[in-house]
Amino acid sequence: MHESGIAANLLQMAERVALQNELKTITRVVVAIGALTGVEAHALAFAFGVLAKGTLAEHAELVIQEVPLRLRCRQCECEYPARPNAMTCPNCLSGIFDVLQGRELTLKAIKGNRDE
Amino acid sequence: MSELNPQPGEIPVEERILSENDRLAAANRACFAAAGLRVLNLVSSPGSGKTTLLVETLLQLKTDLRLAVIEGDQQTDHDAQRIAGTGVPVVQINTGQSCHLDAALVGQAYDQIASTRPQLLFIENVGNLICPAEFDLGEDAKVVLMSVTEGEEKPLKYPLIFHLAKVMVLTKIDLLPCLPFDLEKCLANARQVNPALEILQTSAIHPSDLHPWLTWLSRFMKDG
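Going line by line, the protein sequences match chains A and B.
Under the numbering used here, the final residue of the first sequence carries the number 116; numbering is consecutive throughout.
Under the numbering used here, the final residue of the second sequence carries the number 224; numbering is consecutive throughout.
With the rest of the complex left out, here is chain B (with noise of 0.2 Å):
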């Protein structure tokens, strides 16, 4: 057993361990803000439709809005190349073994589009709902999402995103009529953790079911 308790001799440190990332985080942020850009970090399980959600957003909104995107994923540029066919600018990260983007990544990434002086960037984080969750990347928001077809029981069993979220996108609910899914308990569950939670109800099939999000999005932009 281990002795808890300090002992005679200990250096006290007292750090975050993380420090550098937040420190890295920290630095993006002004960065950002100093560029009058606005940033989303997209957190999900893989197959809950981020990116299908994304390109629609991307062909909605680009009109309108200077539009970039950071793509995390640890293999292929599959998903890059999807966001690449709506014609905004998107940078693929390739994060290897490693199961969440960093700081250090995203600021990197960032230089290479900030050129096109975008005022809107989504970061599509590697598809986990546990390891990005610790990394602050610089955002000014984390949207987490889920799909009806992942259960309700998501938001209890992976509290800590949910809790740090602003806001939650259910996806694919064109499919809630063949499903078992219990809506009203998904959501008093993912507001047992995160009661300030907003939780929008998207479907990227049918671009109706999109508004509940843009609207979200148009929010945002104006007042964060």
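Just chain A, with the same shape it has in the complex (with noise of 0.2 Å):
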């Protein structure tokens, strides 16, 4: 379960932050996560859960913000939502596109108190 890795990282990231910042704890982490990533939701909650205990980050609440897969077809140029196994143009049935958005993997924002 790769996740873990993902959630440690995460965790480091946000603790970076929340010390940069002279925060004593986090009480909220925001990521954004896009369908075309290996990342399962409810994998990352788990093991941030799990390895959150004793980090700044004990009680926080992890928001996950799941991002749709929207592409844009280099030959008729139109933009389209896509599932991650379907991704061809519904409109010239052209497979050559661009990812705009799907690919996320983003720590996007910390909350916390500067109180013990």
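Bear in mind the hints are in silico, worked out from the structure with no lab data behind them.
Accuracy of the hints is not assured; some may be wrong.
[Stated by the list, open to error] EDC-like, lysine to aspartate or glutamate: derived pairs with alpha carbons at most 16 Å apart:
#1 K108/A - E10/B
#2 K108/A - E15/B
#3 K24/A - E10/B
Both chains are given apart, each in its own frame, so use the hints to dock them into the complex.
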């Protein structure tokens, strides 16, 4: 389960940002997970909960924004929603596209307290 | 229900969660480029024939190129021993409970074989189609392998790695006469998630069936 590695990275980053901002505790961690990533939201939340123990984020709420896949066809230039295993352009049936969104694996924001 | 909208007092970060791995991968890539080294990251499910393909490939190429291999497995050095039998330098990484290689592990492993001045490095990732996909190692290209015994829907079940790969090596095609495998459907499924994907049909049992892969490697060494 690579979500544990991702959760560990996430916690490190959140703690680093918290220390830079003189936070004593982290109450909220907001992440964006795109549909075309190898990350499963439930598995990430589970791993985060386990690994957060003993960190500044021990009692933090993890908020996961799931970002749907959106593509732009390079042939007819239309933009369309897609699923990771169905990415052909619905307009011209071309399969050459750019990914507009859906590859996010991002720490968006944290929130915390400066008091204990 | 979590509140998805930004809340007062939030500190914006907007940083990729794997940015540390990305940074180390970029350092690997710069190091490989400075050494004139080309690097492939081989990803597949367990049992697709990565090591067998690799052993045959090394035997065919080792007189013309300086080669090296980084082997990733959760446990054992069984595969590394098979590679070592070809005489090509190999470093085994045991990832323990981890299901993929990362850029830090690859950087450390490369340090152990850099003195052999390889021109082409194969990184054999841990057998797994999901976890290795998100972890950039600093390679020039990802190669996804799948065998004809795995079922033609595999690219649709694990789209990300097929989407990110530059080339797909279909292995064990010598078994096609024994299987109800729909080759055309498999190729269509793979192109559904990656229209630009090059697909090479191979078998490591008959050396002549490796030709499409060896030709691709030769082109990759010349122009990337």
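### Task
Find the hints from earlier in the document that the structure breaks and name them by number, from lowest to highest.
When the structure is compared with the hints, none of them turns out to be violated.
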